[in-house]
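Asks: Now for the letters of each chain:
Protein chains: 2
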Amino acid sequence: MLFLTLRDDPADAEIPSHKLLLRAGYIRRIGSGVYAYLPLMWRVLQKVSQIVREEMNAAGAQECLLPQLQPADLWKESGRWDTYTKAEGIMFALKDRRDQEQALGPTHEEVITTIARDMIRSYRQLPQLLYQIQTKFRDEIRPRFGLMRGREFIMKDAYSFNVDEESLEKTYQDMHIAYSNILRRSGLAFRDVQADSGAIGGSASQEFMVLAEAGEDEVLYTKDGQYAANVEKAVSLPPDAQPSAFTNYEKRETPGTETIEKVCEFLKCSSTQLVKNVLYETIFDNGTSVLVLVSIRGDQEVNDVKLQNELTKLAPKYDAKTVIKLAVPDTEAQAKWASKPLPLGYIAPDVADDYIKSVKNIAPGFLRLVDKTATDLKNFVTGANESGYHVVGANWGEQVKLPEFAVDVRKARPGDRAKHNPEQTLESARGIEVGHIFQLGTKYSIAMGATFTNEQGEEKPLLMGCYGVGVSRLAQAAVEQSYDKDGIIWPVAIAPYHAIITIPNINDAQQMEIAEKLYAQLNQAGVETLLDDRNERAGVKFKDADLIGIPYRIVTGRAIANGKVEVVERKSRKSHEIAIADVVSTLNQWIQSVNSEQRSQ
Amino acid sequence: MLFLTLRDDPADAEIPSHKLLLRAGYIRRIGSGVYAYLPLMWRVLQKVSQIVREEMNAAGAQECLLPQLQPADLWKESGRWDTYTKAEGIMFALKDRRDQEQALGPTHEEVITTIARDMIRSYRQLPQLLYQIQTKFRDEIRPRFGLMRGREFIMKDAYSFNVDEESLEKTYQDMHIAYSNILRRSGLAFRDVQADSGAIGGSASQEFMVLAEAGEDEVLYTKDGQYAANVEKAVSLPPDAQPSAFTNYEKRETPGTETIEKVCEFLKCSSTQLVKNVLYETIFDNGTSVLVLVSIRGDQEVNDVKLQNELTKLAPKYDAKTVIKLAVPDTEAQAKWASKPLPLGYIAPDVADDYIKSVKNIAPGFLRLVDKTATDLKNFVTGANESGYHVVGANWGEQVKLPEFAVDVRKARPGDRAKHNPEQTLESARGIEVGHIFQLGTKYSIAMGATFTNEQGEEKPLLMGCYGVGVSRLAQAAVEQSYDKDGIIWPVAIAPYHAIITIPNINDAQQMEIAEKLYAQLNQAGVETLLDDRNERAGVKFKDADLIGIPYRIVTGRAIANGKVEVVERKSRKSHEIAIADVVSTLNQWIQSVNSEQRSQ
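Protein sequences appear in the order of chains U and Y.
My numbering applies: residue 1 is where the first sequence begins, and numbers increase by one.
My numbering applies: residue 1001 is where the second sequence begins, and numbers increase by one.
Please note: incorrect hints may appear among the correct ones.
Said to hold, decoys possible - Straight-line distance between alpha carbons at most 27 angstroms, and here's what the computed DSS-like set of lysine-lysine pairs gives:
{"hint": "1", "chain 1": "Y", "residue 1": "Lys1325", "chain 2": "U", "residue 2": "Lys95"}
{"hint": "2", "chain 1": "U", "residue 1": "Lys95", "chain 2": "Y", "residue 2": "Lys1086"}
{"hint": "3", "chain 1": "U", "residue 1": "Lys86", "chain 2": "Y", "residue 2": "Lys1095"}
Said to hold, decoys possible - Sample of chain Y residues lacking proximity to chain U, with all beta carbon distances greater than 10 angstroms (derived):
{"hint": "4", "residue": "Ile1115"}
{"hint": "5", "residue": "Phe1284"}
{"hint": "6", "residue": "Val1568"}
If you're looking for bench data, these hints aren't it; they were derived computationally from the structure.
Note that beta-carbon positions come from the ideal geometry of N, C-alpha and C, so glycine has one too.
Given these sequences and hints, build the entire structure.
Replies: So, in structure tokens, the structure goes:
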């Protein structure tokens, strides 16, 4: 076996799982965000894939394999070519010898939709659910954390085609069950959370988060188990605002109060009595951009993803790809918009009326949005649209004109009351997203003309769903969730081997004989076993066994004098002396009991 | 199941297997040389992969997965970047968002060698044999024949690292056995042949050819089974030359005799008495090119691959990437070389001495090669280096100066006598190359500095071998070898399903009940079975079953009145009436007997 462990942490690895997989010889870096899966890792990936396969097949899904090279034309048909190659730029593209543009598939909605368009003709062929387990490519801005955010990674992606919403909902729920089974069977602690749909599009969407401190995602949830959402998507009730002491509407000089804290301190009021006005520039996927003013209660923050989604709704032909908050005093960024920049820190919610006149004659111009937390306020404090001045005791209407678009773009926060039950407060956890299921609806089928004839003989666009599991990411997430100072602690179901036989002294003929016999018997009986018969000190071999994280270590040491071997559980460190004749049956029983426990959870 | 068969042959498919896979719904074209593997095809590919995996594991190989994205630097280290991206241009390359060049792996010598360099330190870790089953990319000049010559295809590639030639030879032989087993178990008629090593480099190399009329390769073999080689590599004894009637050396006027036939007719001599002189331009991978004159007996042809190899040997720093035969009267191509072009059709073997003076002052100039068939001749006829003139009765020496490089570049032909036994003559067959094994030696380990410490404590370059199976090509080759007018006839071992149950009339409750029961029982017992319960006429369903080529068709038709079903063997068309209670055991027995027959062949 190609086996080499490293004593020291590799310099470029940041999180524990990345360090451990490198040190224990599971992976090797070949390029930025690109790794070789060595034999031990490949076994883990195969085990994860097999669990995925079994659960997908059980849900009636059919396995296939779609091309990684995708003609650009397909992406132009769906309207995503520019978004993926330019605006976000996360898709690798290349030109072939005939100068034809090709994409390296980060996802396969376009390819599967063109197949559906070709092959699905009638409702009698529906529903269809297809999946593949495949290497995907993303030209990440910042590849990091090993397999967590790589440029080349293994995904299971599935796509469903349904006649109507009800059928789609059914498939979506089937996938929800399958995904829960996959994670449970893999031995992972996880949470399924409501999620934003992002660039994939569509309506309902849920993420499956493996809980781990190093997770890139924040999850908000309630302890009653009734609510969990990605922070990007989470909703909550804001804390109550304090009643305002300002009953008269007047303009006040408030020098040097560009921040909420400073205004509150100066005016001796609560930030819940303020309407703050935040200026954004948003860039749409067709290249045009718009200035956006968002008014929100002073103690609350804008959720950029929600804002992006609201802006996309307002300009339904285009997607808002980025929102950039313009910071104080970002006069330069504003200069391209208007000759006289807005007084950041002192902007009024209804600024635009006079400001718009000074806006240069460029495309769509200026949008005013107000969050619900702000519309609910009375006698509030807000900017006077003049540097160094605020108004107090203001009310929406004549005093301050209400912005034209009322939206909910507030960021939910830990400690907020839950919407489903105000007695519950939101808690925060870190998670690693390993699965994501989407109801896409007709976004791709309409764009690409994938239709079917329904029972009434009418031609209808197919309803679609898509469902992804990050296979390589899941494998690393398992390590991130389960390790100790000595190394990896694999869940039994996805460990590369169930057991490792460590021979303390290979010059002892009896040790060798017992070890080799057990090795053959265990593998024969389906207990996947490694044999460490290297000419190394026992201590080195014990350390390596701990580092690579095999669930059960069998030591053919002193106990063999009594016809026994020592079996150590990696996770609990519990040591058992087991009669040599019972080792196979005992291990088989342990493994089966762990696996069936996870299945039935 | 996503299932759709087509009545008509697709327009763009040229060979039977390509047409059948498209018509039967196994594959769909997504782009030039790029196909989606639909669920039926994916099952075939999985079966082939599983056989490959079992045989590789049995040979002690370890599975891994290497990246498809490969940094250009690795290819520059091995010296193949220019060859693969420019001279041959068969590698897709792209630039990432940081403007770094990346290759899309057509093969993995560079990646595996960099891993070996990193992880293999001592002879105690050797030998190592690693493999992967993976999608590869080649920007083919002319993608065609479906999966036969695609731009994206599935390969099993393996790489070995050995301490010495003897160990490498052992691994090479192990792989030879494994490959023979793979093809036998897949149910294919094949031949292993000696092969040229091509751009991969190295010494010994053998190809595994699936025999089929549409094969792109020609194989020459003897009926005694002692010899088989790819035509590019094949050797043989040329037919004996006829003794020359020209005993006096003289120059003759031979107007209008640019071709061998015309000279022979004009001079009333045999083509075996002639030395013909063929002019080539060869381009090396560093961009320089050379004019090459090859003298060979008049009835023989030059083998371009052998010529290329000889030229590479003569210029060991560079590879001769192309040889272009300059045709009569290609004065234009010659014009870039010399002010006065050579008289094609009348060139003399020793032309260069005066010609070289007129060659323009450009790089390496001119090479003269002579094949053994020519050096053996006496009193021969050859060109006089003057348009319209030949010499007769010539001999090497003072009359005609022998070219400086004697080589064997003759093309072996069917009908030639075999070298190992002149009683045997070479026969010709067409084949599809599905496997190729190479002894690479130290080409990559020296270029990339992959060394180990041997038992004597010396640092040595690793000896390498590489071993490839075209998994997707093998699957299509099976169809090319086994079909009839009605469709595909899959070998049992790699058929997507073993059996298909066709219900002639789905409105007959008894037929449905028996079919569904059998379907469940068969699958339970490991007989992979499809159920065709579509609302179609029986004839349509029978046709589809034949087209997709499932080995056994079970029909729940009239015979059920007697407690029986009809079972039809796809290959032989034999029909059996089998008691319903015996169907599972009978099919299981048939399948096992076919599979074990193939294993033990």
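Asks: Does each hint fit the structure? Answer for all of them.
Replies: Now the hints, each set against the structure:
1. Distance restraint check for Y:Lys1325 and U:Lys95: the Cα-Cα separation of roughly 31 angstroms exceeds the 27 angstroms cut-off, and the hinted pair is therefore not satisfied.
2. About 14 angstroms separates the Cα atoms of U:Lys95 and Y:Lys1086, which keeps this hinted pair within 27 angstroms; it holds.
3. With a C-alpha separation of about 14 angstroms, the suggested pair U:Lys86 and Y:Lys1095 falls inside the 27 angstroms cut-off, and the hint holds.
4. The Cβ of Y:Ile1115 sits about 6 angstroms from the closest Cβ of chain U, inside the 10 angstroms cut-off, so the non-interface label is violated.
5. The claim that Y:Phe1284 is not at the interface with chain U holds, since no C-beta of that chain comes within 10 angstroms of its own (minimum 21 angstroms).
6. Non-interface call for Y:Val1568 relative to chain U: holds, since the shortest CB-CB distance, roughly 26 angstroms, exceeds 10 angstroms.
In summary, the numbered hints that this structure violates are 1, 4.
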